[in-house]
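Colleague: Given the coordinates of chain A, work out where chain B should sit on it, guided by the hints.
Chains A and B are the protein sequences, given in the same order. Heads up: the first sequence begins at 5 in the numbering used here, then just goes up one per residue. Heads up: the second sequence begins at 5 in the numbering used here, then just goes up one per residue.
For the record, the hints were derived by calculation from the structure and aren't laboratory data. A portion of the hints provided could be inaccurate.
Since the list gives no way to pick one copy over another, a pair counts as held whenever it fits inside one copy or between any two copies.
[To be verified] The calculated EDC-like cross-link candidates involving lysine to aspartate or glutamate, where the alpha carbons are at most 16 Å apart (straight line), are:
1) LYS24 / ASP132
2) LYS24 / GLU131
3) LYS24 / GLU129
For reference, the chains in residue letters:
2 protein chains.
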Amino acid sequence: MGLPCHLSTAPDAIMRYVMKLSELGEFGLIDAINDTINESRVVTQPSWQKLIIGIGDDAAAWHTDTSLQLATTDSLVQDVHFDLDTITWEELGWKALAINLSDIAAMGSIPLYALVSLFLPSELETEDILKFYRGMMRLAGNFGVAIAGGNISKASHIIISITLLGEAQDNPLLKRSTASIGEQIAVTGYLGLAAGGLKMLQQKMALEDKASSTLRHGLFLPVPRVKEGQTLVSQGVKAAIDISDGLVADLYHICDASNVSAVIRTDMVPTHPTIQACFPDYLNLALYGGEDYELLFTAGKDTVENIKHALDCPVTVIGEITKKEGTASVKLTNGKGETIPGERKGWEHFKNGKSNTPLP
Amino acid sequence: MGLPCHLSTAPDAIMRYVMKLSELGEFGLIDAINDTINESRVVTQPSWQKLIIGIGDDAAAWHTDTSLQLATTDSLVQDVHFDLDTITWEELGWKALAINLSDIAAMGSIPLYALVSLFLPSELETEDILKFYRGMMRLAGNFGVAIAGGNISKASHIIISITLLGEAQDNPLLKRSTASIGEQIAVTGYLGLAAGGLKMLQQKMALEDKASSTLRHGLFLPVPRVKEGQTLVSQGVKAAIDISDGLVADLYHICDASNVSAVIRTDMVPTHPTIQACFPDYLNLALYGGEDYELLFTAGKDTVENIKHALDCPVTVIGEITKKEGTASVKLTNGKGETIPGERKGWEHFKNGKSNTPLP
Numbered sequence: 005m006g007l008p009c010h011l012s013t014a015p016d017a018i019m020r021y022v023m024k025l026s027e028l029g030e031f032g033l034i035d036a037i038n039d040t041i042n043e044s045r046v047v048t049q050p051s052w053q054k055l056i057i058g059i060g061d062d063a064a065a066w067h068t069d070t071s072l073q074l075a076t077t078d079s080l081v082q083d084v085h086f087d088l089d090t091i092t093w094e095e096l097g098w099k100a101l102a103i104n105l106s107d108i109a110a111m112g113s114i115p116l117y118a119l120v121s122l123f124l125p126s127e128l129e130t131e132d133i134l135k136f137y138r139g140m141m142r143l144a145g146n147f148g149v150a151i152a153g154g155n156i157s158k159a160s161h162i163i164i165s166i167t168l169l170g171e172a173q174d175n176p177l178l179k180r181s182t183a184s185i186g187e188q189i190a191v192t193g194y195l196g197l198a199a200g201g202l203k204m205l206q207q208k209m210a211l212e213d214k215a216s217s218t219l220r221h222g223l224f225l226p227v228p229r230v231k232e233g234q235t236l237v238s239q240g241v242k243a244a245i246d247i248s249d250g251l252v253a254d255l256y257h258i259c260d261a262s263n264v265s266a267v268i269r270t271d272m273v274p275t276h277p278t279i280q281a282c283f284p285d286y287l288n289l290a291l292y293g294g295e296d297y298e299l300l301f302t303a304g305k306d307t308v309e310n311i312k313h314a315l316d317c318p319v320t321v322i323g324e325i326t327k328k329e330g331t332a333s334v335k336l337t338n339g340k341g342e343t344i345p346g347e348r349k350g351w352e353h354f355k356n357g358k359s360n361t362p363l364p
Numbered sequence: 005m006g007l008p009c010h011l012s013t014a015p016d017a018i019m020r021y022v023m024k025l026s027e028l029g030e031f032g033l034i035d036a037i038n039d040t041i042n043e044s045r046v047v048t049q050p051s052w053q054k055l056i057i058g059i060g061d062d063a064a065a066w067h068t069d070t071s072l073q074l075a076t077t078d079s080l081v082q083d084v085h086f087d088l089d090t091i092t093w094e095e096l097g098w099k100a101l102a103i104n105l106s107d108i109a110a111m112g113s114i115p116l117y118a119l120v121s122l123f124l125p126s127e128l129e130t131e132d133i134l135k136f137y138r139g140m141m142r143l144a145g146n147f148g149v150a151i152a153g154g155n156i157s158k159a160s161h162i163i164i165s166i167t168l169l170g171e172a173q174d175n176p177l178l179k180r181s182t183a184s185i186g187e188q189i190a191v192t193g194y195l196g197l198a199a200g201g202l203k204m205l206q207q208k209m210a211l212e213d214k215a216s217s218t219l220r221h222g223l224f225l226p227v228p229r230v231k232e233g234q235t236l237v238s239q240g241v242k243a244a245i246d247i248s249d250g251l252v253a254d255l256y257h258i259c260d261a262s263n264v265s266a267v268i269r270t271d272m273v274p275t276h277p278t279i280q281a282c283f284p285d286y287l288n289l290a291l292y293g294g295e296d297y298e299l300l301f302t303a304g305k306d307t308v309e310n311i312k313h314a315l316d317c318p319v320t321v322i323g324e325i326t327k328k329e330g331t332a333s334v335k336l337t338n339g340k341g342e343t344i345p346g347e348r349k350g351w352e353h354f355k356n357g358k359s360n361t362p363l364p
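This is chain A alone, in the form it adopts within the complex (with noise of 0.2 Å):
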């Protein structure tokens, strides 16, 4: 064994890392990390082995002796991804695990068990998180999630981060870098109306009864596409991601790690109702907002026709994968096929939040 007092960093190493977190921001940092445990590894031993996707994907995934187990994490922070002057304890419980649910849809496999972190502040009432533990449980029950531990720590801000846990028998994953060229890109669902509560909400909006629910419900009670993912998975898909980061952000994260590039057409793209009713930019939230937790796949015509008929949701085709020329891009049309411009944005920490890059 290394002994632990030999424990010190070689510092030419990491002199090209000389900057602050707010500079290299969230996608760089992670990067950095994938690195240097890449140079220190030990490829040999059976962990390591047997692991089939690891950092930069929804979900890491690797060999037992019978399936694939699969374990991703999530959080959310006080003020930073939510606020308790908007949102219910019982919605934060529900919202916290279906974050993580959607990462296991997006691989396309079966959610099992949870762990539940909280890092809270002393002053918060007990029943608060009581309330939150029962939105949880709502959610879990529905997708048979079983909470099989945790920790519980004291801190000045109230944070939550669940790791769960899946499962996936004989069929393939769905990954981020399996999209062909040629491939159609669809999505379930509707898109924008988490961003259309979120601008709401921030905005005090007021508007009528049925409107304002709706956008509620889509900003903090997604429903996580489980099963859909696992359909997606048995018609023969390989590419897919949840909507979390924003439709063209997450569209880059697939054609990033397919190498290749994507047209979208953004007049097919689907805006729910009710934010064409109450927004006037409702193209930009469907586009850049995040959170809708639909899915995002890429597959042949005929697969996608399949698709439409095995689902009980709505699914979208809006637009192509395309060869990759130069770096990976995402074009946006409209009808009549002009280019329209657009922006490479989408959620990133470290970069006050939402990070700006005009496409190509």
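Modeller: Coordinates of chain B only, in the frame set by chain A:
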């Protein structure tokens, strides 16, 4: 599926928990959460059916087709568990994984995959985060653990939350709830080093280099007893816990879970020579200090003798499991068999750190 719009909580069910976390404390909160989960879980679902250890032990465990899977999660919170003025980033990476490895060690199983969630302020230096990963990878490599994934979020304070997954093959697990009356109580290694290290740093004690380095090692670079835990299982031990809260506090966890009491011979407690030399109150450090990450276990006399031969580290018998009279209790005695005063104290979140209750 239950519709999310039905999310609401019956007010009468939570009336008994109208109090702040600072009044209820960490362990009371865990009990309340457990009640809430048990009220609403769907016990017929396969995930609940296969779960054999849920909330309340060192790790959760469930059956798969061919083995037992284990999962544990533990965290380090800045200014609650660590202070960047004293610990280096490499040490922090080592320790964050070590405390999780120790939970898997306490169940006697094999650690395999870690998911690392980091909550970080934007003004941190990237190279420090990479030093953190280097420290963690050093320990991971020693125990065959692969870093399979994780999550990164912006936050106002540093929080590190790791979920560690493991596996057990044929043998049963070590649990807190399986100690039997008449069994000997034994510990691996020496106790009190971590508490001595903390005291040295907090009181800015000027000690000679060797003592200072030994204490610092004990506090920041604990080596979890992973192999030792596996040996305990193979030798037939049933009950164990790792010493994280403190010897007395953790023995209370075993007594509470096993419905027994215990008596400790304080003169037999293996205190580390360095704390004997540096601290007049060294026995208190060993009894109440915590963070030693040694294993505390119970077993019959012959089994303990076999374990002394099977392990490379010291194994010391310090007492005996006794019949519970009234509530579970841990009695402290001196070399003459006289009862000496003690307290039920150990780390508890929300109650301003250490909580104190006089022993019976």
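Colleague: Now, for every hint given, state plainly whether the structure supports it.
Modeller: Status of each hint after checking the structure:
no.	hint	result
1	LYS24 / ASP132	between (36 Å within a copy, 10 Å between copies)
2	LYS24 / GLU131	between (39 Å within a copy, 8 Å between copies)
3	LYS24 / GLU129	between (36 Å within a copy, 4 Å between copies)
Of the hints listed earlier, there is not a single one the structure fails to meet.
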